[in-house]
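Colleague: This is what each chain is made of:
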Amino acid sequence: MVRLFYWQVYRGKDLAVIARSQYQNTSQILAPRGEILASDSSWLAASNQAWLIYASLPLLTEPVNIIADKLAPLFVENNSDKNELLIESSRLKDLLSKNDVAWVPLKQKITGPEKNEIENFDIKGIGFEQSETRSYPEASTAAQLLGFVGKDKDGNDKGYFGLEGFYDAVLSGKPGLVSREEDATGVPILLGTIKNISAISGVNLVTSIDKGIQIMLDRQLEKGIEKYGAKAGTAIIMEPKSGKIVAMSSFPSFDPAKYWDFNNSLFINPAISSQFEPGSIFKVLVMASALDNGVIAPETHCDICSGPVHIDNYSIETWNQVYHPDSSMTDIIVNSDNVGMVFVGRKIGADVLYDYLSKFGIGNLTGIDLQGEMSPKMRDKGKWGQIDLATSSFGQGIAVTPIQMVKAVATIANGGISVNPYVVDSVSGKGWQEKIDHKLGSRVISEKAAREITLMMAEAAKNGESKWTYMKGYNVAAKTGTAQIPLKGYYEEDKTIASFIGFAPYDKPKFVMLVTLREPSTSPWSAETAAPLWYSIAKELFLDYNIQPSN
Amino acid sequence: MKIRRFNRTNNSKRFAIKKRSLITLFGATLIVLNVFFTLQMASLGVRVADLERVLTNLEKENADLETKLVDSSSLLHLQEKSTQLGYSKPEESLFIKGEAEYTGMLH
Chain A
1265 MVRLFYWQVY RGKDLAVIAR SQYQNTSQIL APRGEILASD SSWLAASNQA
1315 WLIYASLPLL TEPVNIIADK LAPLFVENNS DKNELLIESS RLKDLLSKND
1365 VAWVPLKQKI TGPEKNEIEN FDIKGIGFEQ SETRSYPEAS TAAQLLGFVG
1415 KDKDGNDKGY FGLEGFYDAV LSGKPGLVSR EEDATGVPIL LGTIKNISAI
1465 SGVNLVTSID KGIQIMLDRQ LEKGIEKYGA KAGTAIIMEP KSGKIVAMSS
1515 FPSFDPAKYW DFNNSLFINP AISSQFEPGS IFKVLVMASA LDNGVIAPET
1565 HCDICSGPVH IDNYSIETWN QVYHPDSSMT DIIVNSDNVG MVFVGRKIGA
1615 DVLYDYLSKF GIGNLTGIDL QGEMSPKMRD KGKWGQIDLA TSSFGQGIAV
1665 TPIQMVKAVA TIANGGISVN PYVVDSVSGK GWQEKIDHKL GSRVISEKAA
1715 REITLMMAEA AKNGESKWTY MKGYNVAAKT GTAQIPLKGY YEEDKTIASF
1765 IGFAPYDKPK FVMLVTLREP STSPWSAETA APLWYSIAKE LFLDYNIQPS
1815 N
Chain B
28 MKIRRFNRTN NSKRFAIKKR SLITLFGATL IVLNVFFTLQ MASLGVRVAD
78 LERVLTNLEK ENADLETKLV DSSSLLHLQE KSTQLGYSKP EESLFIKGEA
128 EYTGMLH
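Those sequence lines, one after another, are chains A and B.
For the numbering used here, count along the first sequence from 1 and bump the result up by 1264.
For the numbering used here, count along the second sequence from 1 and bump the result up by 27.
It should be emphasised that the hints constitute simulated quantities derived from the structure, not laboratory data.
Treat the hints loosely; a few may be bogus.
Said to hold, decoys possible - EDC-like cross-link-like pairs, simulated, lysine to aspartate or glutamate; straight-line CA separation at most 16 angstroms:
| hint | chain 1 | residue 1 | chain 2 | residue 2 |
| --- | --- | --- | --- | --- |
| 1 | A | Lys1422 | A | Asp1447 |
| 2 | A | Lys1505 | A | Asp1689 |
| 3 | A | Lys1694 | B | Asp98 |
| 4 | A | Lys1731 | A | Asp1595 |
| 5 | A | Lys1491 | A | Glu1783 |
| 6 | A | Lys1759 | A | Glu1783 |
| 7 | A | Lys1726 | A | Asp1633 |
| 8 | A | Lys1522 | A | Glu1396 |
| 9 | A | Lys1623 | A | Asp1644 |
| 10 | A | Lys1623 | A | Asp1633 |
| 11 | A | Lys1641 | A | Asp1652 |
| 12 | B | Lys116 | A | Asp1808 |
| 13 | B | Lys87 | A | Glu1783 |
| 14 | B | Lys116 | A | Glu1804 |
| 15 | A | Lys1379 | A | Glu1393 |
| 16 | A | Lys1371 | A | Glu1396 |
| 17 | A | Lys1774 | A | Glu1804 |
| 18 | A | Lys1371 | A | Asp1421 |
| 19 | A | Lys1371 | A | Glu1341 |
| 20 | A | Lys1373 | B | Asp91 |
| 21 | A | Lys1803 | B | Glu119 |
| 22 | B | Lys108 | B | Asp98 |
| 23 | A | Lys1379 | B | Asp98 |
| 24 | A | Lys1379 | B | Asp91 |
| 25 | A | Lys1736 | B | Glu119 |
| 26 | A | Lys1611 | A | Asp1567 |
| 27 | B | Lys87 | A | Glu1378 |
| 28 | A | Lys1334 | A | Asp1358 |
| 29 | B | Lys87 | A | Glu1396 |
| 30 | A | Lys1438 | A | Glu1396 |
| 31 | A | Lys1774 | A | Asp1808 |
| 32 | A | Lys1759 | A | Glu1792 |
| 33 | A | Lys1495 | A | Asp1758 |
| 34 | A | Lys1803 | B | Glu118 |
Nothing here was measured: the structure is a model prediction, and the numbers come from that model.
Turn these sequences into a full structure, and let the hints guide you.
Modeller: So this is what it looks like as structure tokens:
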């Protein structure tokens, strides 16, 4: 009786807890990560089933060495590399020999075929836990735009950079939970308590990326960087009416499926995070602002263009030391005349120019839905000296990101109304799809001013320094830009950022595109590097968009 | 005619016995039913476990098929395959104005 009282009453609660831990089983239900799709709903990033392989150390019956030697060849990239095999085998032996733990994870993200091979070994004590792995079927295409899936500090999957980072919460979904009583063999006891919280699957992202154009852009940019001996390059293609990003590419890049093999610096998307002094491509924004403000007209003549301009201790010269006295505003753009732009800058004034540039989006984030966007700050309003106004008017002494330039020039292409660039067009799940409402832009310059600057850009493309590479009949409006790179307070003479920005056809633009090459070594000039690369990409776009030559 | 005396005690006893039997029978039935349904639930539990295994296998097959679909629909993969089959992108595109010119080119 005493013993009965002892076990039933005195130790009753403790025994109940021990019993519950034996038959109560709680397990997490995985929430599949949402997929990233191109504009035609084909995959850019997909989730595949994978497993975590673990060892229950007390249940192991085979010697640790034998288990390690069996598993090591399945865990290495290159089976024939003896050194790699030895290192992996040694790692597994260390894990399997631990004394202070009962359970050790051996390897993450094992694929189905690998799991089947391991199961065939029939090693007691080795088990599998279901997980997920991310696959990128187009390899490193649009890598910086997509981002990658890594781990957070708790070991859970987390998206970093690009779309994976920006939309991580939406893509992740929410895991579920099943808690129920089971017998010793794992069979559920239906009469017992069952708690079930369903998993919420991650949502799929349907992007505006045209896969064919993206792959073409990647190839052309990589070829162009090699051909012109550049250190790096970026290209962006956007639809000017909507703000849809059709393609975005930067090199050097990385493989998001094997991100751990690459330097962290490659994960940053230069298209949205790297700043540069734009040089002459910036002139179109300053000219457009002055035209809209009414301080100049296309036929206004520059009365300081006969030679260099001296401001304080500085001398502003043209890029080729050739001066065009009495130039019209169109001539200034066609000749990319720095002195002419100083004339325009002085006409509009620093404060008014600052306001226009802010409206164009310079100095502000574009709000594009990619993680990691940054914006260089514009010099504060009211603190522009004469030299700041002069240099900013031809795109030096002011910094922008590539996406800011594309947005600003798209405003010109869109008749003076700005657009907000975006990548994700809609979200979808099983049996449903919902379009995302993107914020509309606002009017920055009048339609008349937009038309005037467009015609100047068309003239620049046809008769400017890049005329040798111009494609006749395609109504391209564009501008070259060769900016010196600032380094510790001075400008490097032979190191430049060569850019070419334009849209076509200029009467009803289907696309606006920016190409920048950092430090091209074959020639520092945009007309000989970025411009021909732009046209080689545009040639493909004309076919894709069915843009025919006008004559 | 023999007159029988009405024995109240005997009838009560008989009623009590009948009542006790009924309760015992009822209790036994309940116990049997309880055991029966417990065994049924246990076997249902096994059935549920089997169905869960089938579901897991089907989900795995589905996932494997989706992986194959993703890989085979890769545009890079298709471009590689088309190159192997001898297809190539045209180097130049020509735009022609009208029918007459086109017919002329054919001849």
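Colleague: None of the hints should be skipped; say for each whether it holds.
Modeller: Here's how the hints hold up against the structure:
Only pairs whose Cα atoms come within 16 angstroms are accepted, and A/Lys1422 paired with A/Asp1447 is rejected, the gap being roughly 35 angstroms. Taken as a hint, the A/Lys1505 and A/Asp1689 pair is honoured in the structure, with Cα atoms around 14 angstroms apart against an allowance of 16 angstroms. Taking the CA atoms of A/Lys1694 and B/Asp98, the gap is near 21 angstroms; set against the 16 angstroms cutoff, the hint is violated. This hinted pair checks out: A/Lys1731 and A/Asp1595 have alpha carbons roughly 14 angstroms apart, not beyond 16 angstroms.
Restraint check for A/Lys1491 and A/Glu1783: satisfied, since their Cα atoms lie roughly 12 angstroms apart, inside the 16 angstroms limit. Between A/Lys1759 and A/Glu1783 the CA atoms are separated by roughly 5 angstroms; this keeps the pair inside 16 angstroms, and the hint holds. Under the criterion of a C-alpha separation no larger than 16 angstroms, the hint pairing A/Lys1726 with A/Asp1633 is inconsistent with the structure, at around 35 angstroms. A threshold of 16 angstroms between alpha carbons decides the hint, and for A/Lys1522 with A/Glu1396 the separation of about 15 angstroms falls inside it, so the pair holds.
Taking the CA atoms of A/Lys1623 and A/Asp1644, the gap is about 15 angstroms. The hint holds against a cut of 16 angstroms. The hinted pair formed by A/Lys1623 and A/Asp1633 fails the criterion: a straight-line CA distance of about 20 angstroms is larger than 16 angstroms. The hinted pair formed by A/Lys1641 and A/Asp1652 meets the criterion: a straight-line CA distance of about 14 angstroms does not exceed 16 angstroms. The hinted pair formed by B/Lys116 and A/Asp1808 meets the criterion: a straight-line CA distance of about 13 angstroms does not exceed 16 angstroms.
A threshold of 16 angstroms between alpha carbons decides the hint, and for B/Lys87 with A/Glu1783 the separation of about 50 angstroms lies outside it, so the pair is violated. A distance of roughly 11 angstroms separates the Cα atoms of B/Lys116 and A/Glu1804; the hinted pair therefore holds under the 16 angstroms criterion. Simply put, A/Lys1379 and A/Glu1393 have alpha-carbon atoms about 11 angstroms apart, close enough for the 16 angstroms limit, and the pair holds. In summary, the hint linking A/Lys1371 to A/Glu1396 is supported, as the alpha carbons are separated by about 13 angstroms, within the 16 angstroms threshold.
This hinted pair checks out: A/Lys1774 and A/Glu1804 have alpha carbons roughly 13 angstroms apart, not beyond 16 angstroms. The straight-line distance between the Cα atoms of A/Lys1371 and A/Asp1421 is roughly 15 angstroms, inside the 16 angstroms bound, and the hint therefore holds. In summary, the hint linking A/Lys1371 to A/Glu1341 is supported, as the alpha carbons are separated by about 13 angstroms, within the 16 angstroms threshold. A C-alpha spacing of about 14 angstroms is found between A/Lys1373 and B/Asp91, which places the hinted pair at or below 16 angstroms, so the restraint holds.
In summary, the hint linking A/Lys1803 to B/Glu119 is supported, as the alpha carbons are separated by about 9 angstroms, within the 16 angstroms threshold. For the given pair, B/Lys108 sits about 13 angstroms from B/Asp98 by alpha-carbon distance, which is consistent with the 16 angstroms threshold. The suggested pairing of A/Lys1379 with B/Asp98 is violated, with an alpha-carbon distance near 19 angstroms, which exceeds 16 angstroms. Under the criterion of a C-alpha separation no larger than 16 angstroms, the hint pairing A/Lys1379 with B/Asp91 is consistent with the structure, at around 13 angstroms.
A C-alpha spacing of about 15 angstroms is found between A/Lys1736 and B/Glu119, which places the hinted pair at or below 16 angstroms, so the restraint holds. A distance of roughly 12 angstroms separates the Cα atoms of A/Lys1611 and A/Asp1567; the hinted pair therefore holds under the 16 angstroms criterion. With a C-alpha separation of about 14 angstroms, the suggested pairing of B/Lys87 with A/Glu1378 holds against the 16 angstroms cut-off. Between A/Lys1334 and A/Asp1358, the direct Cα distance comes to roughly 15 angstroms. Compliance with the 16 angstroms bound is thereby established for this hinted pair.
A C-alpha spacing of about 12 angstroms is found between B/Lys87 and A/Glu1396, which places the hinted pair at or below 16 angstroms, so the restraint holds. A threshold of 16 angstroms between alpha carbons decides the hint, and for A/Lys1438 with A/Glu1396 the separation of about 14 angstroms falls inside it, so the pair holds. Distance hint between A/Lys1774 and A/Asp1808 is fulfilled; the C-alpha atoms sit about 10 angstroms from each other, no more than 16 angstroms. At roughly 15 angstroms between alpha-carbon atoms, A/Lys1759 and A/Glu1792 fall within 16 angstroms of each other, so this suggested pair holds.
A C-alpha spacing of about 14 angstroms is found between A/Lys1495 and A/Asp1758, which places the hinted pair at or below 16 angstroms, so the restraint holds. Simply put, A/Lys1803 and B/Glu118 have alpha-carbon atoms about 11 angstroms apart, close enough for the 16 angstroms limit, and the pair holds.
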